[in-house]
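In this text, residue positions in the sequence shown follow this note's numbering: the first is 384, and each later residue adds one.
Hint data in this document are derived by calculation from the structure and do not stem from the laboratory. In this text, all values refer to a predicted model and were calculated from it rather than measured experimentally. Note that beta-carbon positions come from the ideal geometry of N, C-alpha and C, so glycine has one too. Keep in mind that the hints are not guaranteed to be accurate.
Simulated DEER-style distance windows between Cβ atoms [what the hints assert, rightly or not]:
1) Thr587 / Arg454: 16 to 22 angstroms
2) Gln405 / His554: 22 to 28 angstroms
3) Gln405 / Arg564: 29 to 35 angstroms
4) Lys559 / Asn423: 34 to 40 angstroms
5) Ser561 / Pro458: 34 to 40 angstroms
6) Asp451 / Asp534: 18 to 24 angstroms
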Amino acid sequence: MSIDKTAIRNAATVIVLRNRLQDPSILMGQRGAKAAFMPNKFVFPGGAVDAEDAQIPLATPLPEVCTDRLRESAPEDLHHALAVAAIRELWEETGLILGRPGEWADNVPADWTSFASTGHMPVAHGLQFVFRALTPPGRPRRFDARFFLVDADEIQGDLDDFTHASDELSHLQWVKLSEARKFDLPFITEVVLAEVAGRVTDPTPPQSVPYFHNNDEASLFLRLRGYPMPDHP
Numbered sequence: 384m385s386i387d388k389t390a391i392r393n394a395a396t397v398i399v400l401r402n403r404l405q406d407p408s409i410l411m412g413q414r415g416a417k418a419a420f421m422p423n424k425f426v427f428p429g430g431a432v433d434a435e436d437a438q439i440p441l442a443t444p445l446p447e448v449c450t451d452r453l454r455e456s457a458p459e460d461l462h463h464a465l466a467v468a469a470i471r472e473l474w475e476e477t478g479l480i481l482g483r484p485g486e487w488a489d490n491v492p493a494d495w496t497s498f499a500s501t502g503h504m505p506v507a508h509g510l511q512f513v514f515r516a517l518t519p520p521g522r523p524r525r526f527d528a529r530f531f532l533v534d535a536d537e538i539q540g541d542l543d544d545f546t547h548a549s550d551e552l553s554h555l556q557w558v559k560l561s562e563a564r565k566f567d568l569p570f571i572t573e574v575v576l577a578e579v580a581g582r583v584t585d586p587t588p589p590q591s592v593p594y595f596h597n598n599d600e601a602s603l604f605l606r607l608r609g610y611p612m613p614d615h616p
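When you get a sec, could you build the whole thing from the sequences and use the hints?
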């Protein structure tokens, strides 16, 4: 049976923020020219949730407020899989480890064998849910993406070592937050950057989260906590 690639898939994206109080920078890479989704664009690491992500144990959970926001307008238990997907995609696309030393049980899933071989268990306490965006209709791929901000201090190992990264993103680099808009970015990435810039000096997870919701009827800019953005009619 063929897969409907236009169906909306849940996805997780990770914004790693480095030197946030001195000269903040974020980790970005460039998608391939032949990619079906956002070719040639500079993006944050991320990707779709896999079915087995829901079964992967986390050594530490998400912050409670992030779990609460992720549960809004979404399946009750999806927050765990989203956090796992964020950690997995960060590892696969950059080779950076969001984890702590620990031993896995037997039967490590195939997608996690390389991560497990580093001697770490995934941790989610440093992930902060800061943005949600639904890809507009008519695109070759549609994602319901949750954006997680994480301080680079939570990463294990050398922040400049991308030797274990896959080839999905090229030109991996730390981009100064003040210069990021000079790159070829998707529109939604520019919007998210503004949100990140506003949170640079605040280490706490947000109590409410912007939600850019696109469907066949309208594009709505909402906030997850039960009310619309202040400028929404």
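When you take the CB atoms of Ser561 and Pro458, is the distance between them in 34 to 40 angstroms? 38 angstroms, holds
Do the Cβ positions of Gln405 and His554 conform to the proposed distance bound of 22 to 28 angstroms? 24 angstroms, holds
CB of Lys559 to CB of Asn423, is that within 34 to 40 angstroms? Once the Cβ atoms are compared, 21 angstroms apart, the range 34 to 40 angstroms for Asn423 and Lys559 is violated.
At the C-beta level, are Asp451 and Asp534 separated by a distance inside 18 to 24 angstroms? 21 angstroms, holds
In this structure, is the beta-carbon distance linking Gln405 and Arg564 contained in 29 to 35 angstroms? Violated, since Gln405 and Arg564 (Cβ atoms, about 20 angstroms apart) do not stay within the stated range.
Verify the CB-CB distance for Thr587 and Arg454 against the hinted window 16 to 22 angstroms. 19 angstroms, holds
Checked against the numbered hints listed earlier, the structure breaks hints 3 and 4; every other hint is satisfied.
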